[in-house]
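Those protein sequence lines, which keep their order, are chains A and B.
Those letters in the first sequence? Residues 695 to 1308, per the working numbering, in order.
Those letters in the second sequence? Residues 35 to 187, per the working numbering, in order.
It should be emphasised that the hints constitute simulated quantities derived from the structure, not laboratory data.
All C-beta atoms in this analysis are idealised placements derived from N, C-alpha and C, irrespective of residue type, glycine included.
Some hints here could point you the wrong way.
Stated by the list, open to error - Below, a list of computed lysine to any residue pairs in the SDA-like style, where the Cα atoms sit at most 25 Å apart:
id, chain 1, residue 1, chain 2, residue 2
1, B, 158, A, 1024
2, A, 1222, A, 1195
3, A, 1295, A, 1024
4, B, 114, A, 1024
5, B, 173, A, 1078
6, A, 1154, A, 867
7, B, 120, A, 953
8, A, 824, A, 957
9, B, 181, A, 1154
10, B, 144, A, 763
11, B, 120, B, 105
12, B, 173, A, 1307
13, B, 122, A, 1048
14, B, 158, A, 1048
15, A, 844, B, 116
Said to hold, decoys possible - Take a look, some chain A residues computed to stay more than 12 Å from chain B by CB distance:
id, residue
16, 725
17, 790
18, 930
19, 947
20, 957
21, 970
22, 1078
23, 1146
24, 1155
25, 1298
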Amino acid sequence: MALFSRRKTHFVDSDILVIGGGMAGCGATYESRYWGRDLKIVCVEKANIERSGAVAQGLYAINCYMGMQWNENQPEDHVRYARNDLMGLVREDLGYDIARHVDSTVHKFEEWGLPIMRDPETGRYQREGKWQIMIHGESYKPIVAEAARKAATEVYNRIMVTHLLMDSKKPNRVAGAVGFNVRTGDFYVFRAKAVIVSAGGASHIFKPRSVGEGMGRTWYAPWSSASAYALPILAGAKMMQMENRIVLTRFKDGYGPVGAYFLHLKTYTQNAYGEEYETRWFDKLRETIGDYVDHHPVPTCLRNHAFLEETKAGRGPIRMVTKEAFQDPHKETVGWENFLGMTIGQAVVWASQNIDPKYINPELTTSEPYVMGSHATCSGAWSSGPSDYAPDEYQWGYNRMMTIDGLFGAGDTIGGTAHKFSSGSFTEGRIAAKAAVNYVLDMGNDRPEVSEAEYEGLKKAVYQPLENYAVGRNEIVGGTVSPSYLLPIHGLQRLEKIMDEYVGGIGAGYTTNEPMLMRGLELLGMLKEDLAHIGAEDLHQLQRTWELKHRVLASESVTHHTLFRTETRWPGYYYRADHPKLDDQDWHCFTLSQYDRATDKWTMEKAPVYHIVD
Amino acid sequence: MPTFVYMTKCDGCGYCVDVCPSDIMHIDETYRRAVNIEPNFCWECYSCVKACPQHAIDVRGYADFAPLGHSVRTLREEEKGTISWKLKFRDGREKNFVSPIRTTPWGSIKSASEYERPSVDALKSQELAHEPDALNVPKLPALTRDKLKPGVP
Chain A
695 MALFSRRKTH FVDSDILVIG GGMAGCGATY ESRYWGRDLK IVCVEKANIE
745 RSGAVAQGLY AINCYMGMQW NENQPEDHVR YARNDLMGLV REDLGYDIAR
795 HVDSTVHKFE EWGLPIMRDP ETGRYQREGK WQIMIHGESY KPIVAEAARK
845 AATEVYNRIM VTHLLMDSKK PNRVAGAVGF NVRTGDFYVF RAKAVIVSAG
895 GASHIFKPRS VGEGMGRTWY APWSSASAYA LPILAGAKMM QMENRIVLTR
945 FKDGYGPVGA YFLHLKTYTQ NAYGEEYETR WFDKLRETIG DYVDHHPVPT
995 CLRNHAFLEE TKAGRGPIRM VTKEAFQDPH KETVGWENFL GMTIGQAVVW
1045 ASQNIDPKYI NPELTTSEPY VMGSHATCSG AWSSGPSDYA PDEYQWGYNR
1095 MMTIDGLFGA GDTIGGTAHK FSSGSFTEGR IAAKAAVNYV LDMGNDRPEV
1145 SEAEYEGLKK AVYQPLENYA VGRNEIVGGT VSPSYLLPIH GLQRLEKIMD
1195 EYVGGIGAGY TTNEPMLMRG LELLGMLKED LAHIGAEDLH QLQRTWELKH
1245 RVLASESVTH HTLFRTETRW PGYYYRADHP KLDDQDWHCF TLSQYDRATD
1295 KWTMEKAPVY HIVD
Chain B
35 MPTFVYMTKC DGCGYCVDVC PSDIMHIDET YRRAVNIEPN FCWECYSCVK
85 ACPQHAIDVR GYADFAPLGH SVRTLREEEK GTISWKLKFR DGREKNFVSP
135 IRTTPWGSIK SASEYERPSV DALKSQELAH EPDALNVPKL PALTRDKLKP
185 GVP
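If we strip away everything but chain A, and leave its shape as in the complex, we get (with noise of 0.2 Å):
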C-alpha cells in the first residue's frame, strides 16, 4: 500500500457537476438550478468562490454589452467585431449565441446590486466604449457567486479537480471528475450525469517577464492553470485554435488596463520622441496579410505588432499620453479608480514610481503569452452550436457540449467564441447549462458508472507526488537539490523557459519555426516524463504540482497546434518565422487536436470556418 493513498474518499453524486466557479461557473450553477429544479447541482471550486476565478480582484467595466433596448448594437454587429479582430477565424454560431443572450445576464447582474454608471443626459449605461459599459465593479465576484450559492445543492471549495472519469458502459461518455481537498488533503469522486468545465486558462506557460518576486503579477491571474483544457484534453475531447495565444500591450509592470484609457479618456500612444508609430507599419504589413490591415477597428494583434517593431526600431519606451486628459478631474478620477478596481497592483506601481499621469506620460509594454478564450482571443475546446441555426459540422449533439457525451464548457474552456469577456462567460455558462439540464432529463434513469479501478487508480496518481518527496527527502540534508525528485516551482520554470525560447514567448521576440517547435516538443516530452518525478512537501505543494501538469499538457497541445498552422495569421500574438504570410487560401479554417492518452498521440485536423452573409 502507497504512503499517501489511504486518504478517505468521499463520494459526492449529482446530476450536474460544474468544475470551477468563476464567472462561466457561476452563470452554469444558477441557469442550472433555474431549469432543472429537482436536480442536485454541485460546484466544485479549488480556491472559494466569493473570490476566484480571473474576476476575484473585481472589474471596472463589462466589455460585452450589446445594449439592444436602445438599438446600441445587434448581435451581428458583435459577430463582425469579434471576427474582424481575431483575423476571420472565430466561431459565429457561438458567438452569435452568446451576443444575443448577453443583455439579460447584465440586466440581472444590475438587478442583484452591481452598480452599472449611468450617462447623466441619456439615462442609458455608461459606455466606455462601443461594446463596454462602466461599472463600479469591486464586488462583481462576490455578488455573482451569492447568486451561485443559493442556486447549487453544495459549494465545495478548495477542491483541486484534476481528472475527469469516463462511463465504464458507455464509450466516449463523461462519468465525473475526481479532485482532492487541499486543507484536508482528502480524495473526492463526483459521479454526475453531466459536468460543466468551467476553469480557468493558462497563465505561466510563457516565461513572464518578471521572474522574481514579482512573477505572480502576470496580466491574467496566476490561479489560471489551465484545467480549462488538461480536463478535457486528458479525456479525449477535440480542442480547437490552441496556436491561438493572446499578447497584451499594457501599462508596465502593473498590467494595469489600457481600454478605458483609449477608449473613454481618449488618451492616445506614442514613441519615446513623441511620435505616432502605428501607421508606419502598416503599410509593410499589408505585403504579409494584405488588406485585413486595412480592417476597422485595427485588430489587436496589428497593433502590438506595430508596437513591437517601433520598439525593435529603437524608439521606445512607447507610453500613454495621459497628462491631457488627468486635467480633467472626472477623468483623473476614472484613470485612477479604473486600475483600484481591477488591477490595484498597477496602483501601486505608480505610487512606489512617482508616477502620477497627470505629469508623466506611463510607459507601455507587451506582456508574455497568455492561453485563453474570452478576451481578444479564442483557445478552447470544440463545442457543439446552438440547434435553431447552427450548420451540420458544428452541430452533434446538444449546445456547448464537447465531442464526449455529457461533457460541456463554457467561458476559457469553449473555443471560438473571443471578446466573450465576463459578462458573455457567464452567460456561456448559462446556455451550457441550460442544454446540460436537457441532456440529463433526456438521459431518463440512464446513469453513468464509474469504475473503482479507474478512481482508484487515479487516486494513487493524485497523492504520488507527496510520497516522492516523503521518500526523497531522506536522501539529502536539506534544502531544494534533490537527485530523486523536482519542486513543483523547478517544473514551472523549465516549462516557461522552453515555450519562451522555442514557442514564441518574449525572449524569442514571439517568433518561431518548424524546427524549434520540433526541439520545443522533444523538451516538453522530458518534461512530461519528469512530472512523474515531481515532489510535493505539503497539500499546498500538491495542488501546485497537479496545476503544473495542466500547464504542460495544454502548453504541449499550444505547440502541436502552432506547428500546424503553418501561416502568420496573427502577428503580433506570434509570428511563424518559416511562413511569415497569411494564408487565407489553406488556412482560412479552424485547427482542430484530438489527444490519446493511452498512445500519447496528439492528431490533427481542419475544420471549415463559417461566416454570417452580410
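Given chain A, work out where chain B should sit, using these hints.
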C-alpha cells in the same frame, strides 16, 4: 506587491486563508498568525486585505520593480456599500478615492428556485432564464441556417 501580515495586529482568525484565490495565505504554526507563504504567486488582488477584520494585512510592492516608500491601503465596508482607498506615493503625495460596491443589501438576491417553475415548452426553447423579459426587447433574436456560409468572407 505581495502581501504581508503585521505581527501585533493579526489574531489568527483565518479569514484571509479562507478567501485567498491563490492559496498562499496560511497560518504559521509557531506564531498562530497568518503569513504569505508564496509571495511570487501573489496577484496583489487584495482579497485578503479586504477580508481582514483586524486590518493586519498590507502590501509592499514587488521587489523586482517597486521602490520602497509607497502604500495603497483600503477599507471595504459592506454595510455602507463602499470601498475607500488611500494611496501614498514614494515622495509623500497622497490620493484618496471612494467607490460604491453594491446597490442592494447583501444576501438579497432572489434564488433561481424562487421563480415560477418554467414550462416544458420553455425548457425546449432557445430562451434562457428570465428571457425574453430580461432582454428588454420583445423577442430573443435568432439567425436562420441560410445566413451562415463557409469560406472567406
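Evaluation of the provided hints:
Restraint check: the Cα-Cα separation between residue 158 of chain B and residue 1024 of chain A comes to about 48 Å, which exceeds 25 Å; the hinted pair is violated. Between the alpha carbons of residue 1222 of chain A and residue 1195 of chain A the distance comes to roughly 17 Å, so the proposed pair stays at or under 25 Å and holds. At roughly 57 Å between alpha-carbon atoms, residue 1295 of chain A and residue 1024 of chain A are farther apart than 25 Å, so this suggested pair is violated. Between residue 114 of chain B and residue 1024 of chain A, the direct Cα distance comes to roughly 23 Å. Compliance with the 25 Å bound is thereby established for this hinted pair.
A C-alpha spacing of about 24 Å is found between residue 173 of chain B and residue 1078 of chain A, which places the hinted pair at or below 25 Å, so the restraint holds. Under the criterion of a C-alpha separation no larger than 25 Å, the hint pairing residue 1154 of chain A with residue 867 of chain A is consistent with the structure, at around 23 Å. As the CA atoms of residue 120 of chain B and residue 953 of chain A are separated by approximately 24 Å, the hinted pair is consistent with the 25 Å bound. This hinted pair checks out: residue 824 of chain A and residue 957 of chain A have alpha carbons roughly 9 Å apart, not beyond 25 Å.
Between residue 181 of chain B and residue 1154 of chain A, the direct Cα distance comes to roughly 51 Å. Violation of the 25 Å bound is thereby established for this hinted pair. Annotation: proposed proximity of residue 144 of chain B to residue 763 of chain A holds, straight-line Cα distance about 24 Å (limit 25 Å). Straight-line distance between C-alpha atoms of residue 120 of chain B and residue 105 of chain B comes to about 8 Å, which keeps the hinted pair within the 25 Å bound. A C-alpha spacing of about 22 Å is found between residue 173 of chain B and residue 1307 of chain A, which places the hinted pair at or below 25 Å, so the restraint holds.
The hinted pair formed by residue 122 of chain B and residue 1048 of chain A meets the criterion: a straight-line CA distance of about 9 Å does not exceed 25 Å. Restraint check for residue 158 of chain B and residue 1048 of chain A: the C-alpha separation of about 58 Å exceeds 25 Å, so the hint is violated. Restraint check: the Cα-Cα separation between residue 844 of chain A and residue 116 of chain B comes to about 24 Å, which is no more than 25 Å; the hinted pair holds. Separation of residue 725 of chain A from chain B is inadequate, the least Cβ-Cβ distance of about 6 Å not exceeding the 12 Å criterion.
Not every CB of chain B is more than 12 Å from the CB of residue 790 of chain A (nearest about 6 Å), against its label as outside the interface. With 12 Å as the threshold on Cβ separation, the claim that residue 930 of chain A sits away from chain B holds: the shortest Cβ distance comes to roughly 26 Å. The beta carbon of residue 947 of chain A is not kept farther than 12 Å from every beta carbon of chain B, the shortest such distance being approximately 5 Å. Listed as a non-interface residue, residue 957 of chain A keeps its Cβ farther than 12 Å from every Cβ of chain B; the least gap is roughly 19 Å.
Distance check for residue 970 of chain A against chain B: the nearest CB is about 28 Å away, which clears 12 Å, and the non-interface claim stands. With a closest Cβ-Cβ approach of about 14 Å to chain B, residue 1078 of chain A is found to remain outside the 12 Å limit, as its non-interface label requires. The claim that residue 1146 of chain A lies off the interface holds: its Cβ sits roughly 30 Å from the closest Cβ of chain B, which is beyond the 12 Å cut-off. The Cβ of residue 1155 of chain A lies farther than 12 Å from every Cβ of chain B, with a closest approach of about 21 Å, so its non-interface assignment holds.
With a least CB separation of 20 Å from chain B, residue 1298 of chain A remains clear of the 12 Å interface cut-off, as annotated.
The structure is inconsistent with the numbered hints 1, 3, 9, 14, 16, 17 and 19, although it conforms to all the rest.
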